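Given the coordinates of chain A, assemble chain B onto it according to the supplied hints.
There are 2 protein chains.
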Amino acid sequence: MSGKLDEALKARAAKVIPGGMYGHQSVAILPPHAPQFFVRAKGAYLWDADGNRYIDFMCGYGPNLFGYCHPEVDAAYAKQMAEIDAATGPTPRMVELAEAFTGMVSHADWAMFCKNGTDASSMALLTARAYKGRKKVLMASGAYHGAAPWCTPIPAGTVEDDRAHFIYYQYNDVKSLEEAADKAGDDLAAIFASPFKHDVFVDQELPDPAYARRARELCDEKDALLLVDDIRAGLRIERDCSWTHLGVQPDLSTWGKAIANGHPISALLGNDRAREAASKIYVTGSFWFAGAAMAASLETLRLIRETDYLERTVALGDRLREGLASIAKSCGLDLSQTGPSQMPLIMIMDGEGHCDFKRSSAFADGMIAGGAYFHPFHNMFIGAAMTEADIDRTLEIANDVSAKLSSRVSV
Amino acid sequence: MSGKLDEALKARAAKVIPGGMYGHQSVAILPPHAPQFFVRAKGAYLWDADGNRYIDFMCGYGPNLFGYCHPEVDAAYAKQMAEIDAATGPTPRMVELAEAFTGMVSHADWAMFCKNGTDASSMALLTARAYKGRKKVLMASGAYHGAAPWCTPIPAGTVEDDRAHFIYYQYNDVKSLEEAADKAGDDLAAIFASPFKHDVFVDQELPDPAYARRARELCDEKDALLLVDDIRAGLRIERDCSWTHLGVQPDLSTWGKAIANGHPISALLGNDRAREAASKIYVTGSFWFAGAAMAASLETLRLIRETDYLERTVALGDRLREGLASIAKSCGLDLSQTGPSQMPLIMIMDGEGHCDFKRSSAFADGMIAGGAYFHPFHNMFIGAAMTEADIDRTLEIANDVSAKLSSRVSV
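Residue numbers (our numbering), protein chains in the order written: chain A, 1 to 411; chain B, 1 to 411.
Treat the hints as calculated values from the structure; they're not laboratory data.
None of the values given here were measured: they were computed from a predicted structure.
Be aware that one or more of the hints could be misleading.
When chains are identical, the list treats them as one kind, so a pair holds in a single copy or across two.
Keeping only pairs whose Cα atoms sit at most 27 Å apart, straight-line, the calculated DSSO-like set for lysine-lysine is [claimed, not checked]: (1) 358 / 280; (2) 175 / 132; (3) 280 / 15; (4) 79 / 4; (5) 79 / 42; (6) 10 / 280; (7) 135 / 222; (8) 280 / 222; (9) 404 / 4; (10) 132 / 183; (11) 79 / 10; (12) 15 / 132; (13) 329 / 404; (14) 15 / 4.
Excised from the complex, chain A in its bound form (with noise of 0.2 Å):
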């Protein structure tokens, strides 16, 4: 049960929000001290709204980099929101903007900004459909574009023809791809590709280099664009689209969450191939021109080129990761810690290689019980402005969570 405060909100909230709340902040499937509201964040913590701190291990879902509230960032944004923020046209820095990520990204030779994440998927799904007029696009079963009607993992409210011409494959299974890639035939818009494999209740799979090369080949045979969905991972894998490492550029890249620390933008990528057909569809919003978050952004690619967060997300990742494998021996549990340590999805597992739904719930809720902010079956992120402390007082929180859970017998 979350706070007294958090209980007469969500009160209130269920009188004039359906369903009391929506989307993935709704705490609805969240364990039962996850609170729903919160009143103050500063850095690496969060405060609910009954005044408990929690060192916030979600980040936002992705948005919160360089930590909350951060001085620079936000010193930047109200700078740009007291001279002209949404108006009649774009301001200069849109095209600094445009400048730096096609300075920063290796594929990239123009952007196109925009709000939401899924704003980015729509542009890239028309943008490839534009491309050459086909219509087949292969996604990977199970992952993550958005939450549009094309796209929204859950069917409530969609019609069969949202999806008529969406072919999907296993990731990170070479063969499957090839078989989703000759139904498409000679009609193949593109294929889509979340940088690793980040579903939900699921392990994570970091991208076998074989398949993301054969992807990237596919595309170069049939003529069609590669798009690398670096909404979630992006600038927390690379400084640069996330596949960079493995030697693969895609034609395309959406980007959003942490681009501005926070701030609402979004953004597609993409290289010159793309670029007329980008050129040809019409897309467009209220908000997306507005220059304040495009100047929070412009701060937030300096402090990526000019800081070392990345190394450091990494390094506390990994200082968490060891702390908790070595504690889950000890205390017998079956602990699943995947993808990037930076990035991490971790579980209780049920001793067959799924997710133990109850188990993963208790350990998570009793995380936050103790005040760090832990997810039982989405990923999630480590920020740069979190310190060694705040990771080794997160492992003292799971070192007694586990030592209860591992005691009982059943949850």
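Chain B alone, transformed into the frame defined by chain A:
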């Protein structure tokens, strides 16, 4: 030709943004004096990159209602941003804002918040189809409901399947609406309607009450949902949904643009009939739960309730309309002024009831060159920060432009 600094920015943009710009804020088909980039906004005024000042009759294509950089609204944004904005859960502002909207909009029992107008439209589509599991949606031909694959006005990159179950009718035409409803048979999910006809390139039309009432009746007869798309017109016609003065209440209404005076937020509102359907759909966005834009919207709604902004924008719009009509008459210009006077569409016509695109463009070009930002084929907006002096100065500019335009044999 816009100024030197604007041209230099456009040259840089051409390298790193497809087509140099995209969406509704591209000046590609606007008159030559329309600048692409702006560097300052305050109250009713905008300044372009070359330092030219404009009385801005586009109001950011809608978001600017109370004036750019409004001190109270922006202070509310900044205060919330310093406490908590986008985080791992929403803030209490979300509950307060849902309460404020449902308290203000007669038909609304609940609210869901998002970022783009298109998000709200897409959520309305999903909710309508989730309501009874039906597919067909009626829309007015030529109406703008957003720029996602299912609704973008330019087909590049879309597939026929995206609109497989839409049936189009003529706005204000009861017979056409009834025929469309007949076509839907027992598979009617919803009727979508703009509060008035505000399509580009053609005269605006106020809603015929008989048409609005018939839309409501058809939805009642067939147990379908009626949507009023108030994204563009919301809060500019009434302090309520824009069909309230007709005595017609929809089940769903979509909002965006001006609801936070320029800060990025949009909304779907609905009644209890649609609540369960809305709770079934999965829609979300990285920044949808962020508190700062909600705090700005709360402050904007306070100004809506407590000021005479609406009466003032109507009076200023009437002053502009009457002044322009008088000028057009004395110059012999076939000037069309349609729609509500606070959201006027102003075009030069060809004498046969159609927009003369060249002369409309020349008229808007002269207005822009003279310091009043006019649009040649999209409705404009009167802002509450405008004064009678701004309107009178605009009429002086219009007088000069009209005199020159009427003296030319052709343009």
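Against the structure, the hints come out as follows:
In the homo-oligomer, the alpha carbons of residue 358 and residue 280 lie at most 27 Å apart only across protomers (24 Å), although the nearest pairing inside one protomer, at 49 Å, exceeds that limit. When the C-alpha separation of residue 175 and residue 132 is checked against a cutoff of 27 Å, the pair qualifies only within one copy, where the shortest distance is 25 Å, while the shortest distance between copies is 40 Å. For a Cα distance limit of 27 Å, the shortest separation of residue 280 from residue 15 across copies, 16 Å, qualifies, whereas the shortest one inside one copy, 44 Å, does not. For the homomeric pair residue 79 and residue 4, the shortest alpha-carbon distance between copies (25 Å) is at most 27 Å, but the shortest distance inside one copy (38 Å) is not.
In the homo-oligomer, the alpha carbons of residue 79 and residue 42 lie at most 27 Å apart both inside one protomer (20 Å) and across protomers (14 Å), since each shortest distance falls under that limit. For the homomeric pair residue 10 and residue 280, the shortest alpha-carbon distance between copies (18 Å) is at most 27 Å, but the shortest distance inside one copy (45 Å) is not. Taking the shortest Cα distances, residue 135 and residue 222 sit within 27 Å of each other inside one copy (13 Å), while across copies they are farther apart (35 Å). When the C-alpha separation of residue 280 and residue 222 is checked against a cutoff of 27 Å, the pair qualifies only within one copy, where the shortest distance is 21 Å, while the shortest distance between copies is 39 Å.
Only within a single protomer do residue 404 and residue 4 lie at most 27 Å apart by alpha-carbon distance; the minimum there is 25 Å, versus 70 Å between protomers. Proximity of residue 132 and residue 183 under a CA criterion of 27 Å is satisfied intra-copy only: 18 Å inside one chain copy versus 34 Å between copies. Within a single copy, residue 79 and residue 10 get their C-alpha atoms only as close as 35 Å, which misses the 27 Å cut-off; across copies the closest is 24 Å, which meets it. In the homo-oligomer, the alpha carbons of residue 15 and residue 132 lie at most 27 Å apart only across protomers (22 Å), although the nearest pairing inside one protomer, at 49 Å, exceeds that limit.
For the identical chains of this complex, residue 329 and residue 404 are intra-copy neighbours only, at 14 Å inside a copy versus 86 Å across copies, given an alpha-carbon limit of 27 Å. Taking identical chains as interchangeable, the C-alpha atoms of residue 15 and residue 4 lie at most 27 Å apart only when both belong to the same chain, with a minimum of 17 Å there against 55 Å between chains.
Every hint from the earlier list agrees with this structure, and none is contradicted.
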